[in-house]
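Given next are the chains, with one letter for each unit.
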Amino acid sequence: MVGPGQLRSIRLTRTAYSSSEMMIVVSARQLAGERVCFVGVGPPNIACNLAKMTVSPDLELVYESGVFGSVPARLPLSIGDPTLVTGSVQVTSMFELFAYYLQGGLIDVGFLGASQIDRYGNINTTVIGDYAAPMVRLPGSGGACEIAINAKKVFVIMPQSKRSFVDRIDFITSPGHLGGARPAEWGAGPSVVVTGLGVYRFGAATGEMELASLHPGVTLEEVRDSTGWELRVSEDLEETAPPSELELRLIREELDPRGAYTR
Amino acid sequence: MRDAVAELVRDGDTVAIEGFTHLICFAAGHEIIRQRKRDLTLCRLTPDVIYDQMVGAGVASKLVFSWLGNPGVGSLHAIRRRIERSDPEPLEVEEYSHFGMVCRYVAGASNLPFFPIRSYFESDLPQANPRIVPVKSPFGDGSVYAVPPLHPDVAVIHAQRADPAGDTQIWGLLGCQKEAAFAADRVMVVCEELVDESVIRRDPNRTVVPGLIVDAVVVEPKACHPSYAQGYYDRDNRFYLEWDTVARDPATFHAWLREWVFGLESHAEYVEKLGAERWAELAPGEAWSDPVNYGRYA
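Here the protein sequences line up with chains Y and Z, keeping their order.
Sequential numbering of the first sequence, starting at 274, is according to the working numbering.
Sequential numbering of the second sequence, starting at -6, is according to the working numbering.
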């Protein structure tokens, strides 16, 4: 027997979702129609796998550790998890992965995280403070610098605050739209930024980030307070559709049952 | 292991213990710490927990890398203490991107003066590291960036199997072990299993490093823990998570070293100390590939 009080609590847990779940779901939806995606570990990994189960069944997952066509049977806790290998289409050396797949132009979308980003989508993951005497030493480029230049498009997924959305980043690890435009021979650069507050796109003429969509319950004021520059807002500002029951079920039951990245 | 490290790793050497998440030879790192080597330049794309242990233990004065972190967890605290606060002493760093580091090994292995790549444009990395240099194409097709060759004095390569001559086979993630081995002056192979030469010869496509360039073969099962060997044992994610707490405080860091490195004579003792239950948790299950016909052609 289930009493009415219990029923209500079940319904509440079904519809409530965390900020990272929102970020993952929104990122996954952006992958509709994409074919080859260079996956980062953590939230991007869950987003890419969710996309494969929902909007983009033909998506091929490429990991910088040298795997193409991965079908992870469990959530990989690192970018070189053995589950990425078993059942994949190809395991290559890292040289071949970066040279033939990435530099050769086969990657449609590269997923990057960022500690700091500016209005043009230039990204810092190297240091906070001065390079020679850093206040905080961050991980550095990894493959991000070459992904930012060579992938056809770049999606960024990151938490947003005045400390991460800054007027001037401390170090350019991975170039975005530079001061508003990038060389034609590079990939198109950052096209979407997904944060816990909203979704941003880049103006075609300006190369500058524009708020395209606000997550449910988030106000424009809150977003402005969490941005270190005067933010452009799209004329067609939308509200992000909340995670569907299916998306949440896939994340919670199949992709991240222990809630390592989503709670 | 003790003899191989004593003979092949010398104070002041440039050492590369490679393996991208997979096949990282922690046992070799521990032996280097145990023998109190000094002033090493440590090279790896991802310094990982193994270099956090080595750098915190004081064997290194310089780090050459492209991504500094505890993969899937967070920071490497012992390394950060040295970089951010010179605690207990400064650590020199030389920093690239992944592709840059890989191509440094490729240049080293192929005896080239540099390797050109499409990276680093408009990044601050070339400013931070003057050894990343723009070059114009001699054929007039624009510019690329050049990275210098990397020639480690010693490369340590872990593998699933090798024969006594050092012919070495790896499956699963290949990282850049082949490139690092061919770039190095001395190569130490550590393997899960020593096999007969005929096993190698029945499957030559799987050979990554030939005995021709190998100076020592060490048989050391489970030498990668908490990293993994595909098909032999899983990555011990619990260890990586716990390391975050251990390394945060120099006192717990050094207590760990005393208990798990200096307090033990060999990696066999480490394996035993970890316990059968933990190893059972790390069992990989089975997924076999099908044999292929190479043909006799006799």
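To be clear, the hints were calculated from the coordinates, so they are not data collected in a lab.
Be aware that one or more of the hints could be misleading.
Said to hold, decoys possible - Below, computed lysine to any residue pairings styled on SDA-like, alpha-carbon distance capped at 25 Å:
id	chain 1	residue 1	chain 2	residue 2
1	Y	Lys425	Z	Glu115
2	Z	Lys215	Z	Trp281
3	Y	Lys426	Z	Thr34
4	Y	Lys325	Y	Val362
5	Z	Lys129	Y	Lys325
6	Y	Lys425	Z	Trp281
7	Z	Lys215	Y	Arg347
8	Z	Lys55	Y	Gly452
9	Y	Lys425	Z	Lys215
10	Z	Lys129	Y	Gly360
11	Y	Lys425	Y	Gly452
12	Z	Lys215	Y	Asp403
13	Y	Lys426	Z	Ser136
14	Z	Lys55	Z	His144
15	Z	Lys55	Y	Lys425
16	Y	Lys426	Z	Glu115
17	Y	Lys425	Z	Asp117
18	Z	Lys129	Y	Asp403
Computed from a predicted model, the values in this text were never measured in an experiment.
Evaluation of the provided hints:
1. Lys425(Y) / Glu115(Z): Answer holds: lysine 425(Y) to glutamate 115(Z) is near 17 Å, not above 25 Å.
2. Lys215(Z) / Trp281(Z): Holds, at roughly 20 Å.
3. Lys426(Y) / Thr34(Z): 37 Å, violated
4. Lys325(Y) / Val362(Y): 16 Å, holds
5. Lys129(Z) / Lys325(Y): Distance ~41 Å between lysine 129(Z) and lysine 325(Y) Cα, so the pair is violated.
6. Lys425(Y) / Trp281(Z): Not satisfied, since the Cα-Cα distance of roughly 36 Å exceeds 25 Å.
7. Lys215(Z) / Arg347(Y): Holds - the C-alpha atoms of arginine 347(Y) and lysine 215(Z) are around 23 Å apart, at most 25 Å.
8. Lys55(Z) / Gly452(Y): 35 Å, violated
9. Lys425(Y) / Lys215(Z): Distance ~41 Å between lysine 425(Y) and lysine 215(Z) Cα, so the pair is violated.
10. Lys129(Z) / Gly360(Y): Outside the cut-off at roughly 42 Å; violated.
11. Lys425(Y) / Gly452(Y): 19 Å, holds
12. Lys215(Z) / Asp403(Y): This hinted pair is violated, its Cα atoms lying about 41 Å apart.
13. Lys426(Y) / Ser136(Z): OK: lysine 426(Y) and serine 136(Z) at ~22 Å, within 25 Å.
14. Lys55(Z) / His144(Z): Holds, because 15 Å separates the two Cα atoms, which is no more than 25 Å.
15. Lys55(Z) / Lys425(Y): Not satisfied, since the Cα-Cα distance of roughly 36 Å exceeds 25 Å.
16. Lys426(Y) / Glu115(Z): 17 Å, holds
17. Lys425(Y) / Asp117(Z): 22 Å, holds
18. Lys129(Z) / Asp403(Y): 30 Å, violated
In summary, the structure is inconsistent with hints 3, 5, 6, 8, 9, 10, 12, 15 and 18 from the numbered list given earlier, while agreeing with the others.
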